[in-house]
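Undergrad: Fit chain B to the given chain A structure using the hints.
Listed in order, the protein sequences are those of chains A and B.
Note that the first sequence covers residues 761 to 1371 in the numbering used here.
Note that the second sequence covers residues 761 to 1371 in the numbering used here.
These are calculated hints, taken from the structure and not from any lab test.
Glycine included, every Cβ here is placed at the ideal spot set by N, Cα and C.
Worth double-checking, as some hints may not be accurate.
[As the list claims (entries may be wrong)] Calculated cross-link-like contacts (lysine-lysine; reagent style DSBU-like; alpha-carbon spacing at most 35 Å):
| hint | chain 1 | residue 1 | chain 2 | residue 2 |
| --- | --- | --- | --- | --- |
| 1 | B | LYS962 | B | LYS847 |
| 2 | A | LYS1338 | B | LYS1212 |
| 3 | B | LYS1338 | A | LYS1338 |
| 4 | B | LYS1171 | B | LYS1114 |
| 5 | B | LYS1302 | A | LYS1212 |
| 6 | B | LYS847 | B | LYS1114 |
| 7 | A | LYS1279 | B | LYS1279 |
| 8 | A | LYS1338 | B | LYS1279 |
| 9 | A | LYS1212 | B | LYS1338 |
| 10 | A | LYS1279 | B | LYS1212 |
| 11 | B | LYS1212 | A | LYS1302 |
| 12 | B | LYS1279 | A | LYS1212 |
[Stated by the list, open to error] Chain A side only, calculated, beta carbon under 8 Å to chain B, not exhaustive:
| hint | residue |
| --- | --- |
| 13 | ALA1200 |
| 14 | SER1240 |
| 15 | TRP1272 |
[Claimed, not checked] Covered stretches of chain A (chain B as the covering partner; in silico rule of three or more C-beta atoms under 8 Å from a C-beta of chain B):
| hint | segment |
| --- | --- |
| 16 | 905-915 |
| 17 | 1204-1211 |
| 18 | 1219-1230 |
2 protein chains.
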Amino acid sequence: MSKEQITPVEGLSALSLDALTSVAYGPEAIIVVLALAGAGSLHLILPITLAIVALLAILVFSYRQVIDAYPEGGGAYAVSRANLGAKASLVAGAALMVDYTLTVAVSIAAGVGALTSAFPALTSATVPICLAILALITLLNLRGLGASARAFLLPTLVFIVGLLAIIVVGLLHPLGLHEAQPGRSLLTTHGLQVVSVLLVLKAFSAGCSALTGVEAIANGVPLFRPPRATRAKRTEMMLGVILGAMLLGLAVLARRWHIGPRSHQTVLSQIMGMAVGRHWAYYVVSLTITVVLALAANTSFGGLPILASLLARDNYLPHLFGLRGDRQVFDNGIWVLAVLSGGLILAVGGNTNKMIPLFAIGVFTGFTLAQTGLVVLRWRTRPVRWRYHALVNGTGAVVTGLATLVFLITKFAQGAWIVMLAVPAIVILFQRIHAYYQRAALELDVGVVPAKPVGTETLVIVPVSNLSRLTRFAISEALSLSPNVIAVSVVIDQPDEEQAYGHDLARQWAEWNPGPPLKVLNTQFTSIVEPVCAFIDEERAKGDRQIVVLIPSVVPTRWRYRLLHNQIDLVLSAELRKRADVVVARVQMPLEVPARSRELANKVSNVPKPR
Amino acid sequence: MSKEQITPVEGLSALSLDALTSVAYGPEAIIVVLALAGAGSLHLILPITLAIVALLAILVFSYRQVIDAYPEGGGAYAVSRANLGAKASLVAGAALMVDYTLTVAVSIAAGVGALTSAFPALTSATVPICLAILALITLLNLRGLGASARAFLLPTLVFIVGLLAIIVVGLLHPLGLHEAQPGRSLLTTHGLQVVSVLLVLKAFSAGCSALTGVEAIANGVPLFRPPRATRAKRTEMMLGVILGAMLLGLAVLARRWHIGPRSHQTVLSQIMGMAVGRHWAYYVVSLTITVVLALAANTSFGGLPILASLLARDNYLPHLFGLRGDRQVFDNGIWVLAVLSGGLILAVGGNTNKMIPLFAIGVFTGFTLAQTGLVVLRWRTRPVRWRYHALVNGTGAVVTGLATLVFLITKFAQGAWIVMLAVPAIVILFQRIHAYYQRAALELDVGVVPAKPVGTETLVIVPVSNLSRLTRFAISEALSLSPNVIAVSVVIDQPDEEQAYGHDLARQWAEWNPGPPLKVLNTQFTSIVEPVCAFIDEERAKGDRQIVVLIPSVVPTRWRYRLLHNQIDLVLSAELRKRADVVVARVQMPLEVPARSRELANKVSNVPKPR
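So that you can see chain A by itself, here it is in the shape it has in the complex:
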């Protein structure tokens, strides 16, 4: 069982914090909208939350089916690719990528925002703190998702158990603690709006932000230990039950205690304060919420790299996103997510409010496409009770589709237009990459049985700088490849002693008489690389031979000595790699240099010139 893969409980900390932490802002978003119609409308929070929890149930139901049907992960992308066609799947993929990036930036900025509210002295360091947390999460994820899941398990459990316990305590003594709450009420009493259907719809949409993150588990199924689908479904169910219970409990308490907006106090903080008083339990859970808000960024690190790898597999992103690193993670996806979200944090200066209007549109687009795809799947395959399933999925699709529209319309001017531009732009990029891979495959005759391969004569060129064990090693390797071997040595004309050195080497070579000839390349005050390239050109002109440049290098067994060797080899191989007409090969000879020894040092009278 691989350590890098996660269990259902670890799935809560790795892939569910985005959804769970939304209790910190979901109920608040509802109340802020309702408050526009005055204190009398605040009781509507309960029916609205009931509707949201019902939608949550539908989403959990749908995504558990997605997990079953597409255990390779990818969520909305995989569903719509299989059932709605390539275009729809690309829209889903682009929307999810935008939202994943936003989730990282928003979560971290929100967590740091809570921290700087508590310690105003840190406000000026907002961006550096954000970037430090981002760096931490990135590094943990490069070590494998298991690492971050285990690292974040404790705060996650404290948050879940603590908040649920506070809610239960609140429900047990119905009148609350009657402690005076700090801050002043922000409920206005004049210029109120009437309670309209539109207002309720707006409050519902605003509260729907509590549902973002529900899709992450289905996107990241391959991260779970086998049996993957079973474990992922279990996590999805746990997430649904816990989130639903929290949202309902908070709504009941908010209604009972007539919670309204208040200065310097979130709704969640008011409810917790009323339930258990501002004592240690309040502070522990508040602090934990700050921490897990920031850690919710981890959800994206579970999802985006897998999504990118699927897009790469389908030729919509560079194939390098499909490469796994040493620790079974898609390193490149992680790096790109870190860079993009870091850039976003820098661009908005760590200010959450600038990003909120862009948020959730992508996820809800994904919700809609995934559930529409499921309806099509049911209709095509028609399993047992398919009508019932399709009805549930279809209801979900309609409701989330409507919510997406409301988001778009109400937030358009505040930044949602950026998403409206970004998603099509990304889709076009996907398509152009896909078209390139098609053309490249055609050029390469991929899948066409090629003509028989034919070997040709090979000339091996070995750059040498002196006579040593390394020289013998390299010439031996070269002779193993071909009988045609030429050694070359570059001698810079300038100082007389260097020139003498070149003659010296030629004399020693004649004395050694190894078989292959030595060609001394004289050059005037210029780089080592140029004369070697010129010599290759000369030899290339002599006929259609394959030319191999075999670069000898020494590998000291101790790391700290590596800097002292092999510089010319690096320069030379970097330069030669730009030429497609030579095969560049490196031979490495391990070198064990004994630790300091005065005796040895005295035996050598003079050390030859470096080359």
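TA: Here is chain B on its own, set in the frame of chain A:
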């Protein structure tokens, strides 16, 4: 004639600004010390400056001899290596390296300091501005010293001609313009010190800071166009005459007008204001001085990389400092200097005052060692008039040695102790590197005629991912190297379709029947690299053959497509390069993919999976 090499006039802007710009602080340093003894002692500036100019003449005389004797550059390092032994030369080398780094940081910080005095709003951006200038100078130097010399020529000439003209105007109307100077006099009138020998000595030492940079030309002789030595000597002479004239002129004017320290006004600014009034000429030259102060950093970029290359040639620094880049410059030395001085700027927050006490000690150590070395050289070789030459050099050595001592003693507590620690530490590093190279050469049997080279049987392993033109190309190249070729393909077990793909490839391979067999390596949810390494280990165990891994890669002719290819090759070659027991070779096939073509895209029904 190489564009990268410089003419004598360019030598003024490339290697002499450090010395020339010292007129901005040298006379000031003398007056600040003299002012401790009250207004009555200010007239001493003239005799003290005369002594300094005499020392300048000696130094110019000495360094012109250094240029003749050591046209490879290296200045004090080369002289002491040849005449005073390895230890002394390492001290000279270390002292110069410390001072070069300080020069860059101090010059840039001083220039930016002058800028922020003029525009206080920029003060908070001091460090970023410093780093931006450093980046600019670094990039210019990476393009060759010629580039920076030409770029800085205009401000250098404006500075030289403008300041000399102002001095001449000042000398012509002896009473000055009698314009009221801004600021208030900082001359104290109580608690004065008496005019003692010690005070004069201190003022002399302080003024000697005007001489730093005189050594740079001798260090950078190879930068000049041939005949190098002649041109370098001409530059050295020009530098001496111009700097001497400026210092003397300023001293005469300072004495005539009783210039003392003044708030918000440098001595140079007072003299210029008195001579020509605060009109356009004053402002143009003032602004130019700000610019050339910052550009004086360039002096170090001429000197340190050459010094480092000589140390590398003599095995005291890693050989990579001896490598020239494409533009004939020692890139690595330039980078290291940029990083070190950038770090220094960051460490002191761009504050010049924190670095001044460390400054000049290194240069004066170099002066002393260079001139002592010359005395030994004269004594050993005894050319015509050697006694006279040795007397001049010896006088210089004694005076600069005394100045070094005064620097060390008076500035010890303010930071000179850092130099006292840094120089021996660097010398020890040099010695350890030297000892390592000795031991490595011994281990490598360098210079010993080795046994005859012998070729062995070779097995070529070619990782392939599908059947295409690239596959044929790579197998052909492999067959050119050895008749023993095995193709390997890694198939990840997980999804069923991938497995089917592996079978597919095996079937196609059989159909192709190219000669070499295909080995399909199945692996379960892991990286591509591991199974290849395991296969190499297996083959390695079968006998003492040379193993070559030939990695096929595609090189698109358009740069923007490079990101889309060859990822696995990179991962694989990075990993295999860690193994000394295989030769890693890359074959590159150029690929010209036509620009967008709908027609082509339609011809291909489905694109194969990326590998």
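Undergrad: Taking the earlier hints as the rules, which of them does this structure contradict?
TA: 7 and 16
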